[in-house]
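Given chain A, put chains B, C and D with the ligands in place with the hints provided.
Residue numbers (my numbering), protein chains in the order written: chain A, 2 to 324; chain B, 2 to 324; chain C, 320 to 649; chain D, 320 to 649.
Simulated from the structure, these hints should not be mistaken for laboratory data. Watch out, some of these pointers could steer you wrong.
Stated by the list, open to error - Derived pair list, reagent style DMTMM-like, types lysine to aspartate or glutamate, alpha-carbon separation capped at 25 Å:
{"hint": "1", "chain 1": "B", "residue 1": "248", "chain 2": "D", "residue 2": "605"}
{"hint": "2", "chain 1": "B", "residue 1": "218", "chain 2": "B", "residue 2": "264"}
{"hint": "3", "chain 1": "B", "residue 1": "164", "chain 2": "B", "residue 2": "255"}
{"hint": "4", "chain 1": "A", "residue 1": "164", "chain 2": "D", "residue 2": "366"}
Model, not experiment: these values are computed from the prediction.
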Amino acid sequence: MLTRDEKLAMLEKMLLIRAFEEKAEKLFMRNLVHGTMHLSVGEEAIPVGAIFAIKSTDYITSTHRGHGHMIAKGGDLKKMFAEFLGKDTGYCHGRGGSMHIADFGLRNLGATGIVGAGIPIATGAALALKMQNKSDVVLAFFGDGAANEGVFFESLNMATIWKLPEIFLCENNQYAMSSPVKRFVPTPNISDRASAFGIPGISIDGMDVIAVYETVKAAAERARSGKGPTLIEAKTYRFKGHSKSDKNLYRTKEEIEEWKKKDPITTFAARLMEIGDLQQNEFENMKEKVNAIIEEAVKFAIDSPEPDPKTVEKFVYADEKEN
Amino acid sequence: MLTRDEKLAMLEKMLLIRAFEEKAEKLFMRNLVHGTMHLSVGEEAIPVGAIFAIKSTDYITSTHRGHGHMIAKGGDLKKMFAEFLGKDTGYCHGRGGSMHIADFGLRNLGATGIVGAGIPIATGAALALKMQNKSDVVLAFFGDGAANEGVFFESLNMATIWKLPEIFLCENNQYAMSSPVKRFVPTPNISDRASAFGIPGISIDGMDVIAVYETVKAAAERARSGKGPTLIEAKTYRFKGHSKSDKNLYRTKEEIEEWKKKDPITTFAARLMEIGDLQQNEFENMKEKVNAIIEEAVKFAIDSPEPDPKTVEKFVYADEKEN
Amino acid sequence: MREITYKEAIREAMIEKMREDEKVFLMGEDIGVYGGAFGVSMGMLKEFGPWRILETPMSEAAFTGVGVGAAIMGMRPIVEIMFADFLTFSADQLVNQAAKLRYMTGGQVKIPLVIRAPQGSGTGAAAQHSQNVEAWFFNIPGIKIVVPSNPYNAKGLLKSAIEDDNPVLFLEHKLLYNKKGKIPEDDYRVPLGQPHIEKEGDDITIVTTSIMTYRAIEAAKKLEEEGISVEIIDLLTIKPLNTEIIEKSVKKTHRLLVVYEGCLTGGIGGEIIAKIAESNAFLYLDAPMFRLGGKDVPIPYNKNLERAAVPQIEDIIKKVRFIVKGDWYA
Amino acid sequence: MREITYKEAIREAMIEKMREDEKVFLMGEDIGVYGGAFGVSMGMLKEFGPWRILETPMSEAAFTGVGVGAAIMGMRPIVEIMFADFLTFSADQLVNQAAKLRYMTGGQVKIPLVIRAPQGSGTGAAAQHSQNVEAWFFNIPGIKIVVPSNPYNAKGLLKSAIEDDNPVLFLEHKLLYNKKGKIPEDDYRVPLGQPHIEKEGDDITIVTTSIMTYRAIEAAKKLEEEGISVEIIDLLTIKPLNTEIIEKSVKKTHRLLVVYEGCLTGGIGGEIIAKIAESNAFLYLDAPMFRLGGKDVPIPYNKNLERAAVPQIEDIIKKVRFIVKGDWYA
Ligand SMILES: Cc1ncc(C[n+]2csc(CCOP(=O)(O)OP(=O)(O)O)c2C)c(N)n1
Ligand SMILES: Cc1ncc(C[n+]2csc(CCOP(=O)(O)OP(=O)(O)O)c2C)c(N)n1
Ligand SMILES: [Mg+2]
Ligand SMILES: [Mg+2]
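Extracted from the complex, chain A is given alone in its bound form:
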């Protein structure tokens, strides 16, 4: 059972992700960002529930919509904002941007902009763990759109036959860009795809951080004990557009409003208040604390220097001469 402190920590992480995303959007609006971004507002329960369910020594792979994953894994918000603003102090020295934030030290093996491509990489990491006789597991995040890519099926098959310590966690936010999952997934659940390989496939309410936590916890145990992968589908919703250029023509306001009622943060906060684990003023304090952290991180990022254009050729090869 989760302790009260743990639950509050989960709530705070969700708030942190939400605040990060909203700030990111503002920076974007202020024209401080050269590039694009994919916000995970509305989907915070999944990275938080899932990453609380694994150990800090476990690994994750992330996606183009990866801010939440990185924050839940303990990412440094300063380096994240700095990267987002293309600064030299960012996680990737301004080379990667929003879509490629990674922290190998924290065991976030990174985000890829090629949808689906992170899945086999996660499987390879899990294979390495098995070969090295480690007891860590790999948690692979991916979207509903990614679940239509061939590499998803190929990887799930390999993870199954090799009984790899991997969790396949599909963040089904109902859309791949403008494409409703119902149009391209002919079965009721994406988790039905597990049956092709005879492994457990579970669909859960991805707005419920505790449900995510418990399901991933069980999958991690299964993975750690050598029984192989689990496919989890967490149903959620993306409150914001797909990326900067989205006009939301493919869905109705009503649909968005309907889903917003299930907001993973407000519903969780309400639950905690109901059982007496949280008071309104504590919640307000938490928000303020989170905002302060965000402001400090943004300030760091804005004040940071840009990378020197002369260093453009740095980091192509591992054996390059230092320049």
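Same frame as chain A, but now just chains B, C and D with the ligands:
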């Protein structure tokens, strides 16, 4: 119900395929073939049962192990042997060889040497038929190995969501080269993969030409009536090595012998004799007839001219100047 | 003459061909209501419906193959790959199937397939969404590669590509989508395989593609002020490569610079220089031939780094001055 | 010195590295009992067991990615792609992941991955199993491309590749697998990035790769009888490309021919010629530079057609005579 004549025609086609393959092997041994080949000895019931179950106006796509498909579709044995020997009179003017025999006139859209790559092509052909409001169907042959390629899953998904007139026919001959299907397919049947898409998945005895016929017939009806694809797995066995260079180190003689007892030709002939549809001497006559056809075709091929090396650049582009 | 954008020109070409020929259809991701990632097909769903503006699941490998299969059956599919970078997934169907099926089957089949994909850097989309892929399939016989540089040639070339009986890779440039240009009212074609003399000049020939044509034009203005007269040849079709016009031009200007956005090494510049080196235009050279390509790096995210990674107007100016000046190995 | 085959040399390199370093493992299709399609890994399963000789399902796209993921985690995977033609399936993981992960993450990670694949024609395997793919990924920064030409350099280069902290595409040639050559008893390396002067000469420099090195050596013997002295430079590493040795050689011989098996257009020859055109070696040329590449066709099945599609010894001889003779544009 199949008439006696139809059944005898099916038997004869199987004999023809067997004789073709055995002759091909002999030509190879005589060093008349520059290249490789993949023989389908033991698997004849599948192309014959399947292609008898569709109309001559329906389409097929074939594989690297495709001689049987072409012969069952009514292929010209002369052009086949000529192509196998790299002659200018061959189906592909000596450009393609054993692995690339196609006859668009007969609606065999061809064989690809890239395992799995024919599957989306078949799906595209089925899409075209749907767009053109045609009532033809596409029968896509592929192996158990191909069923692990991402494009198989992607294509099955698209054929399902678009309800395309396509039949996915997996010739599970127990091995992809040296890889036993059991090692890489974690469920009992490849047809289990249909469940990922909610379409019918059926596994049958691929040594039983009538079972193949009936199953494909039903799937063709389903496809033709707009209900979408079916995944059929026909379990069979390859009596010969994978290709020219196979030393059969990955399977036992006992296993091969066990499967040879299920030889689709001898078992079918025995069944026909049992029910009085075939006499031993008729069977002998049939074999002789088949052999004569084969001999004539081989003679044609051997006597045919080689392509002129100066024409090597012909056929690259559709709009090339005639040379 | 009307003025429309590059994006509109591409849309017009598709619409007009689709009205004219039932066999033409567009398929790809999010091309319906969304209009594609760059809005190129915006509005087309309404006119043509969901079977001719066929939205696909995220399955690039297979849906490229679906395009090949449909083309074999006599359709004329236009497959949109959302970013050219994702052609890695289409590679097998493009390289091993579309490009080879005709040859392998002894000429039995035609593959009238167009693959449209936006390429290029400048949008801050980083390494996996910014590549110039012009040279990726340059080594593959059996396909054509087309790179339009303005609304006029984009429309005319796309129509030619759709009417072509071969697989055509049609590479649009993201930074050009909103550039405007004059376009005739009447139906017209720009033929494949025909480079275009964008501007005549006497002192140096600059061969360009895509966005680099714009930059070369700007550079040329500056250079003319300094008394250097530049001839610009816009390739338009990269494959099959037709170098006749370049040879003629070099015989006149005696100098050659190839400017391209893709990475320098293994880019299109090498081929062009080699062709000239092998031709008798070689004998007319007054200077070594040079290339100005992108740096050999993945495209970085930061704006200044990104600018530094590919040729800019000032880089072209500098390189031309260097070539004309004459002490190349000082 | 022992004599072993190219295939054995490659196997030895893998075995020795695997004995020495637990992190090295081999993965691919049918590499166990079968020993791989060409028998390269024959017998290795017995010594190393099924986890270090890891057989994969037919899932090239994903298992290449599995190699990338394992490499990120500090393993040193060798991924075998059964035929180089199938690299189309590996393309995304090679081009968009392995080649870019380090750069995109600001140098956080190393990808010590080797992808081995046999390429080349001459076996009658037709268009989809015969391609020379040397130039396919030439335009992609972040990877290295190595093409060994004999047992000695195959072993030494493969060890260097396995020890390299970057993704290395290691392209073997099917026709070379059974060629024998001398090899030292002792451990040695052939460094990446270092072309090799296979033979010295005065009248012309021939740059070669892979099987073409053999053919050039044979051609040179014949040409010397005619009084034409040939210098042969075997590239060994295509990327990163080091042209210093070629420049030096051209300054001595004053003539250059690049011979390669891959299709002429967009092949490696253009890059090499452009490099020389841009260097001061250009000033030393007594003749235009030429290339002899494969024809721009898919590889045909018929033996004679197949021979006609790629450079043969007699083609090299003819081309050299033509260059040395001097009336190039007659
Ligand atoms: C291989 C590939 N195809 C297409 C895209 C363009 N694209 C980026 S995100 C996206 C939708 C992804 O959907 P999903 O996997 O559900 O993730 P979500 O964006 O909903 O979080 C698309 C089509 C891409 N980046 N990579
Ligand atoms: C993409 C690809 N990978 C590998 C191969 C090499 N190869 C040719 S046939 C084959 C086995 C195919 O197995 P399966 O699909 O079961 O067909 P079968 O040969 O058993 O008829 C392999 C590995 C190939 N041709 N294409
Ligand atoms: Mg989604
Ligand atoms: Mg098989």
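A quick look at each hint next to the structure:
no.: 1; hint: B/248 - D/605; in the structure: violated (55 Å)
no.: 2; hint: B/218 - B/264; in the structure: holds (22 Å)
no.: 3; hint: B/164 - B/255; in the structure: violated (43 Å)
no.: 4; hint: A/164 - D/366; in the structure: holds (23 Å)
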